[in-house]
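Enquirer: Given the sequences, and given the hints that come with them, work out the whole structure.
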Amino acid sequence: MKYAYYPGCSLSSTGIEYDMSTREIAKVLGIELWEIPEWNCCGASSAHLTDHLLALALPARNLAIAEEAGLDVAIPCAACYARSKATEVAVNESEEMKKTIQEVIERKYEGKSKARALLEIIGESVQGDHIKERIHILLTGLKAACYYGCLLVRPASTAFDDPEDPQSMDQLLHLFGAETVDWSYKTECCGASHETSAKPEIGISILQKIFIAAQNAGANCLVTACPLCMNNLDMRQIEVEKYFSTKYNLPVFYFTELVGLALGIEPSKLGLNKHFVDAMPLVQEVLNRKGGEQA
Amino acid sequence: MKRVGVFVCHCGTNISGTVDCAQVAEAAKDFPNVEYSIDYKYMCSEPGQEMIKKAIEEHKLNRIVVASCSPRMHEPTFQNCVERAGLNPYYVEMANIREHCSWVHPNEKEGATEKAIDLVRMAVAKAVRNQPLQKTTIPVTDRALVIGGGIAGIQAALDLANAGHVVDIVEREPSIGGKMAQIDKTFPTLDCSACILTPKMVDAAAHPNINLLTYSEIEKVDGFVGNFDVTIRQKARSIKMDVCTGCGICMEKCPVKVDSEFELGLAKRRAIYTPFPQAIPNKPVIDREHCTYFLRGKCGICSKLCPAGAVDYTQQDELLTRRYGAIIVATGFELFDYSVYGEYGYGKYPDVITGLQFERLINASGPTMGKLQRPSDKKEPKNIVIINCVGSRDEAKGKSYCSRTCCMYSAKHASLIRDKIKDSNVYVFYMDMRTPGKGYEEFYDRSREQYGTQYIRGRVSKIYPLNDKLIVRGEDTLLSQPVEVEADLVILATAMVAQPDADKLAQKIGIGYDKDNFYTEAHPKLAPVETHTQGVYLAGACQGPKDIPDSVAQASAAAAKACGLLSKPEILTEPIVTEVDEKTCAGCGTCLLICPYKAIDLKTLTERIAGEIVERKVATVNEGLCQGCGACTVACRSGSIYLKHYTDEQILAEVNALCL
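Line order of the protein sequences matches chains A and B. Positions 4 to 298 (this note's numbering) are the ones given, in order, by the first sequence. Positions 56 to 715 (this note's numbering) are the ones given, in order, by the second sequence.
These aren't lab readings, by the way, just hints derived from the structure by calculation. Glycine included, each C-beta is placed from N, C-alpha and C at the ideal position. Treat the hints loosely; a few may be bogus.
Stated by the list, open to error - Under the rule of at most 20 Å between Cα atoms (straight-line distance), these lysine-lysine pairs were calculated in the PhoX-like manner:
| id | chain 1 | residue 1 | chain 2 | residue 2 |
| --- | --- | --- | --- | --- |
| 1 | A | K212 | B | K517 |
| 2 | B | K275 | B | K559 |
| 3 | B | K433 | B | K323 |
| 4 | B | K580 | B | K616 |
| 5 | A | K212 | B | K524 |
Unchecked claim - Restraint ranges, calculated between C-beta atoms of paired labels, are given here:
| id | chain 1 | residue 1 | chain 2 | residue 2 | range |
| --- | --- | --- | --- | --- | --- |
| 6 | A | H55 | B | E450 | 19 to 29 Å |
| 7 | A | E109 | B | K524 | 48 to 58 Å |
| 8 | A | E242 | B | K524 | 22 to 32 Å |
| 9 | B | D478 | A | L290 | 49 to 59 Å |
| 10 | B | L350 | A | E127 | 40 to 50 Å |
| 11 | A | E127 | B | T423 | 47 to 57 Å |
| 12 | A | M4 | B | K433 | 47 to 57 Å |
| 13 | A | E242 | B | P405 | 31 to 41 Å |
| 14 | B | E316 | A | E242 | 49 to 59 Å |
Expert: The structure is reproduced here in structure tokens:
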């Protein structure tokens, strides 16, 4: 399968592990990623607060380039995905909006190129028996709290998974031998939008609830599909721990990192050594278990 | 010689406010065959009808066109009027210049007048081709069938039986009583449901005019008004009803335990069981899906212990066919399955229950003897959250309609909880409070002021477990801020929905149902208990969400309608039915499939053609069943089936009058 690849701004900076691991596993799974040349900002967090048309037009340009190449777009970041999906839907729903957007971006976008979440694409690509041969290491011992965040499976009308109790990431990890916990915070807000606001204590208390819920559910790590969630859960975990004088010690993974680990890719190539909450002890534990529990 | 009279009605200002009625009457004078034309303020009034009668005599009119309202409104009025003047009633033709003209074109006086003239021109063209039609009579069987033995069915049956008619109640469960038997207390008076229902159940069982057919279902409905031939399947009870004394020893010793349907999974029952101790008839059935004897051929304990020898494993389903004059459908409702609500836990949290489950938990005859304890750990709940509109008024996941009863039963639940557990807190999340019944608003007031229920206006966005509590998160839209309640128990006021097989039963009987599978009444205001199928009436929540007072009122209304039918030995039938031209009918059967009333059948004709005896199939119409909808006439490929009073010739004459 070949997809246009829209990494978005985070994946070359704070979310670089997501980009590294995505490209690595795509190679193994036979997914060809063609990075959209000269891609632009998706407009998340600023454009859609400023101007509705601007928010729809920004992703439209990226989608238009993909459409010219005849490809659907694979989007790792949940925010980029949500904005691009909104554009795709708007163009398909209204001829008038389609015309307006095409005028703004001075390109043709007919709504044929679809915005697709990377989680959905990877989930599809591992279906069938062929994947069993590719698994090098079973992720036994991982008790993952899958954290989908607020954007990935919303709004309900366009969601590729259940918006209240999504399962796609859980099912993906089960396939590679990890356990996932049943918990109620899968689609809660991670507080990312409060990170930059004047009231950081709101974001901190939101994060605290997530960590406690994950621990209560028996998880030993969090798994996400969003660079903003990762930022908050991973980078700010120490801050939250300090604020409440406690320790959670919950490593946070991108689902792509865990898939890569199971496919036998070296941890450093996946960026697993780049985390704020040290993920390597847990990774090492998985690798050491019965000599890696060869699958 | 056809001599047409045209009578244009002003309907006060309803028509004349838009249409120039005098101009219409004047224009009509020039139409072919029109001998007389006049306009008047109220044609349907006594002087208006007198005017028509007089004109018929003076001008020797033999066809009448009334340009007024919808024929649904006053066609019978004018038919009776001309009949009194000595004409066949089907010589009247209505031109609807109110609903079809003045009301829909209020701002286009000129155009509306022109359209009214056209409508009259068409009616005149049809009237001259109208044929005299005769009503016929059919006999009426004085016996009624009530389908469903809940409160609506019981009330309808009692009313009919007291009026002297024989009634059969068919109930598919082993006992009559329905949903009301599960309820603890009833709003707005808080009298105990069982105390007002069970005496009626006993009355129904003991009434000489009522036969109970429990554990039975409708298999097939044939026939028509006055003469419905209904096949009823009496499911094998595995108990000889005439021998069983109802002692209950069999139920005590049966080794199989399964979830009780009546207790909604909150308690167990045996494989041989009665749904509840006050069941009527109070004789058990064997649930063959779970009975060890039926599954493995061993056990037989109930048979060995029965002192009367009433257990009979060899019983078979029996089919019974009876003729009824009228049918009352009172099949009730089901509760919305809230497991589509992920935010409320998909039905996974044991301490999130439905309102009906709560009725069982607080009921003195329920699994806890009325002691309120939550299902998970049997602890007494202190903080209780009630959520209204779960599945109602929610097009995204549930139904678009309001279930009408939930605001009130939630207020009742809150009052009952506060009454039993004095130090409890009850929170009701609501969208709007709807309390339109007599004494309902006062009841709601009491639940707040006397019982201290706390009402929070807003939707609940999420329920999730935390330790042994349930965190209920929502928005208080009056304060515009999020709220969280730590609850021990959450009660969902789930929507009332149609029975899951409501559509199948409707198809068997030949009645209509709406997008939500509730049965459709003939007219929402003027015929609320009738259906479009003559002789079939509706009672209770099968027609739409209803509380007990409304169900009982509608049941009595349906019974009164059925009495009106059954009290006469024969009835007149409408002659506007279809007829088959057997010469050209090819017997293809397309009309059979299209007929919504199952009024068409195929019959075999034996003919002599060129010296040979030939058999062929042709369609035949049962005039008792045909409602004159005309669907078959357009489906017929060879044009061999036509509707009297609306023949192709008559319709084409109208079209020609308009277009040529």
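Enquirer: Give me the numbers of the hints this structure contradicts, sorted from smallest to largest.
Expert: Every hint satisfied by this model.
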